[in-house]
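There are 2 protein chains.
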Amino acid sequence: MDIETLADGFDRRDWQEVEATDDPVRFAMIGVGWWTREQAMPAVANAELCETTVLVSGDSEKAEAVAADSETVEHAITYDEFHDGEASDAYDAVYVVTPNALHLPFVETAAELGKAILCEKPMEATVERAERMVEVVDEHDATLMIAYRMQTEPAVRRAKEFIDDGLIGEPVFVNGNMTEPILELVPDPDQWRLDGELSGGCAVMDIGLYPLNTARFLLDADPERVRGTVASVDEAFDDVPDEHGAFQLDFPGHVYAVCTASQNAHMASHIEVLGTEGRVRVEPAFYPWDDRALTIERGDTSFDVSFEQIDQMEEEFEYFSHCLLTGEEPHPDGEHGLTDIRAIKAVYEASETGETVEL
Amino acid sequence: MDIETLADGFDRRDWQEVEATDDPVRFAMIGVGWWTREQAMPAVANAELCETTVLVSGDSEKAEAVAADSETVEHAITYDEFHDGEASDAYDAVYVVTPNALHLPFVETAAELGKAILCEKPMEATVERAERMVEVVDEHDATLMIAYRMQTEPAVRRAKEFIDDGLIGEPVFVNGNMTEPILELVPDPDQWRLDGELSGGCAVMDIGLYPLNTARFLLDADPERVRGTVASVDEAFDDVPDEHGAFQLDFPGHVYAVCTASQNAHMASHIEVLGTEGRVRVEPAFYPWDDRALTIERGDTSFDVSFEQIDQMEEEFEYFSHCLLTGEEPHPDGEHGLTDIRAIKAVYEASETGETVEL
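First to last, the sequence lines map onto chains S and Z.
For the first sequence, UniProt numbering gives the first residue as 1, with consecutive numbering after it.
For the second sequence, UniProt numbering gives the first residue as 1, with consecutive numbering after it.
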């Protein structure tokens, strides 16, 4: 790859054909927590191809207050009202961002109502419920995308382009980490992420899936088996198995990924692929508020690549809306998300049994 | 830790009391391959407290030629002559740097002759032979140090000082890698590193032990159990199980280390400890020809620390010689080295059985 291509040739939106519309995709936000208010809604407001028209919340007052601050929101309804089909003429798609174990019923209702679905990752709290989600979507021939924002993140897409172009030779290892002090970020000991029933798991489930899924995306492959250990040490994590987790994924062709994740550690995130001829590293990688940076090494030469930072959520909503407007099938789909749930649950099983778990 | 201490307070040789001597430790180099000629002998020549006086080789002509180029070497003898005690008045200590599976007999003879021993890592090719080495040394009350040059490397010692001072809080994860294209570095398909009998293992044994041992040094702890996978794909590695290897070490207190090593990949090396409050990373870390660099992160602040590069082998020989001159017991000893051999062999067992192996 020449420097000109490196600088000019990258098209962060190689999927884009339509850049404006008079008929934007109208979203119902299901769940109106801080992520919806501070990340998703501003992203949709900035995007060209979509808008937020409906808020669905367990807390009517909160939803009304947020709606009052928005120029596009027409309805603020309750979860029950959503399931009753209220205001269903006012939105084309839903963004499901409730606690993990509550995703399925909203996806079911949306599919029954004929709405397209963007569902946050992990897609559900158990393998069974994730499988059921895939079935429901199939039964209704609905459109489901799992919201892996790394797959539309330019730093990661560039890294993948370098790998696909053979710049690092054949991949040998992936090394990934995501760690944060969750109780400093969200200072609430009763938050759902620490509730095993609602979350389905903590460090590995909530953030370990970033290195896991990004490894899959960069390698364009799925893991064959996993091994690892998880542990909860601090009593705040008594209800979940994994305050911390470390795991290894065996990919086809003897490519190994080693990953770490913690909800009670210094905030850091990276993903790296090391190959026979070089390596590519994105660090910071996964937090939307950190400027992403990319380093490529080949032989004795190393490049630090910096570039315009984009809003990861805007990129993701724009891509999903673009698919709906053009009739393209969006990726990653439910089957793709299900593979992660199976791998994550296999990490917990591997930790309990001490054995390698085949996928 | 204040910046003044960071800049002025580090004493890379906190062990040093004696800086010069009229009676340097005289070394017999056992094995006269490129490492001895290009790394060990120049380091000893530059050091203040030791000198090379004897060369022991399987190849008399090579040894004679190397001896002729040296100002201090008095004798070039064969392996058999060494075992017969020839020239034993001309050296005080031996540096054993033969293929792994040949270390034991030289250590045995040196111990019988009352010589101090600096033995390259891994100390031997099997657990049994490593155990026997520890016994032999005990039987003769000999002095044995295993040549882990990372433990006298200033970048690593600084990293340890930061960790010990609590700068990164409590350690949570260690992340380490060492990879190289061995057939480009040593373009000989018949080299001993690819011979399972002589080496006892390839990627994990030869270079995986760098992240393994440096993790132990930085944490001041030994692993309790291991899991992992190794594989040989390229036919050049048919005689060893591990062209590539990935493994996880569980340290006490649920501290997990994830490590990768390959003898057929892009050259790279790093070690990082991530804690509850920050992290410390040495990269490059393990190759003597790469300038080592240290990064410390605490909260939102990151420091890149650069400093004078030293000759790792000179540092190690000087430390060992200093111990002999002052009557201090050098570290790391044979028991310390044996822990690595057990852990490495457990990685191979874990890969074969798919199970976690207790240490």
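To be clear, the hints were calculated from the coordinates, so they are not data collected in a lab.
Among the clues, some could well be false.
Covered, in the sense of this in silico footprint (three residues per stretch, anywhere, with C-beta under 8 Å from a C-beta of chain S), are these stretches of chain Z [said to hold, decoys possible]: (1) 74-83; (2) 170-184; (3) 265-274.
Straight line, CA to CA, 25 Å or less: simulated SDA-like cross-link-like pairs of lysine to any residue [stated by the list, open to error]: (4) Z/Lys62 to Z/Pro99; (5) Z/Lys160 to Z/Glu328; (6) Z/Lys160 to Z/Pro181; (7) S/Lys160 to S/Arg26; (8) Z/Lys160 to S/His331; (9) S/Lys160 to S/Asp22; (10) Z/Lys160 to S/Lys62; (11) Z/Lys160 to S/Glu283; (12) Z/Lys62 to Z/His270; (13) S/Lys160 to Z/Gly85; (14) S/Lys160 to S/Thr353; (15) S/Lys62 to S/Lys160; (16) S/Lys160 to Z/Lys62; (17) S/Lys160 to Z/His270; (18) Z/Lys160 to Z/Lys62; (19) S/Lys160 to Z/Asn46; (20) S/Lys160 to S/Val18; (21) Z/Lys160 to S/Val233; (22) Z/Lys160 to Z/Asp250; (23) S/Lys160 to S/Glu329; (24) Z/Lys62 to Z/Leu198; (25) S/Lys160 to S/Ala221; (26) S/Lys62 to S/Ala221.
Built from N, CA and C at the ideal position, the CB exists for glycine as well.
For each hint, the structure was consulted:
Residues of the region 74-83 of chain Z lying with their CB closer than 8 Å to a CB of chain S number 0, which falls below the three-residue condition for coverage. Residues of the region 170-184 of chain Z with a Cβ under 8 Å from some Cβ of chain S number 6, which satisfies the need for three, so the listed coverage holds. Restraint check on the region 265-274 of chain Z versus chain S: 4 residues with Cβ-Cβ distances below 8 Å, three needed, restraint holds. With a C-alpha separation of about 17 Å, the suggested pairing of Z/Lys62 with Z/Pro99 holds against the 25 Å cut-off.
Between the alpha carbons of Z/Lys160 and Z/Glu328 the distance comes to roughly 22 Å, so the proposed pair stays at or under 25 Å and holds. Of the supplied pair hints, the one linking Z/Lys160 and Z/Pro181 is violated, its CA atoms being roughly 29 Å apart against a limit of 25 Å. With a C-alpha separation of about 31 Å, the suggested pair S/Lys160 and S/Arg26 falls outside the 25 Å cut-off, and the hint is violated. Of the supplied pair hints, the one linking Z/Lys160 and S/His331 is violated, its CA atoms being roughly 45 Å apart against a limit of 25 Å.
For the hint pairing S/Lys160 with S/Asp22, the CA-to-CA distance comes to about 33 Å; that exceeds 25 Å, so the pair is violated. With a CA separation close to 49 Å, the supplied pair Z/Lys160 and S/Lys62 exceeds the 25 Å bound. For a cut-off of 25 Å, the pair hint linking Z/Lys160 to S/Glu283 stands: about 23 Å separates their Cα positions. In summary, the hint linking Z/Lys62 to Z/His270 is not supported, as the alpha carbons are separated by about 35 Å, beyond the 25 Å threshold.
About 61 Å separates the Cα atoms of S/Lys160 and Z/Gly85, which puts this hinted pair outside 25 Å; it is violated. Proximity of S/Lys160 to S/Thr353 is assessed by CA-CA distance (about 35 Å); at most 25 Å being required, the pair is judged violated. Taking the CA atoms of S/Lys62 and S/Lys160, the gap is about 41 Å. The hint is violated against a cut of 25 Å. Distance restraint check for S/Lys160 and Z/Lys62: the Cα-Cα separation of roughly 49 Å exceeds the 25 Å cut-off, and the hinted pair is therefore not satisfied.
At most 25 Å may separate the alpha-carbon atoms for a hinted pair to count; S/Lys160 and Z/His270 meet this at roughly 23 Å. At most 25 Å may separate the alpha-carbon atoms for a hinted pair to count; Z/Lys160 and Z/Lys62 exceed this at roughly 41 Å. Between S/Lys160 and Z/Asn46 the CA atoms are separated by roughly 47 Å; this puts the pair beyond 25 Å, and the hint is violated. The straight-line distance between the Cα atoms of S/Lys160 and S/Val18 is roughly 24 Å, inside the 25 Å bound, and the hint therefore holds.
Between the alpha carbons of Z/Lys160 and S/Val233 the distance comes to roughly 24 Å, so the proposed pair stays at or under 25 Å and holds. As the CA atoms of Z/Lys160 and Z/Asp250 are separated by approximately 19 Å, the hinted pair is consistent with the 25 Å bound. Among the hinted pairs, S/Lys160 with S/Glu329 is consistent with the structure: their alpha-carbon atoms are about 21 Å apart, no more than 25 Å. The suggested pairing of Z/Lys62 with Z/Leu198 holds, with an alpha-carbon distance near 21 Å, which does not exceed 25 Å.
Straight-line distance between C-alpha atoms of S/Lys160 and S/Ala221 comes to about 12 Å, which keeps the hinted pair within the 25 Å bound. About 42 Å separates the Cα atoms of S/Lys62 and S/Ala221, which puts this hinted pair outside 25 Å; it is violated.
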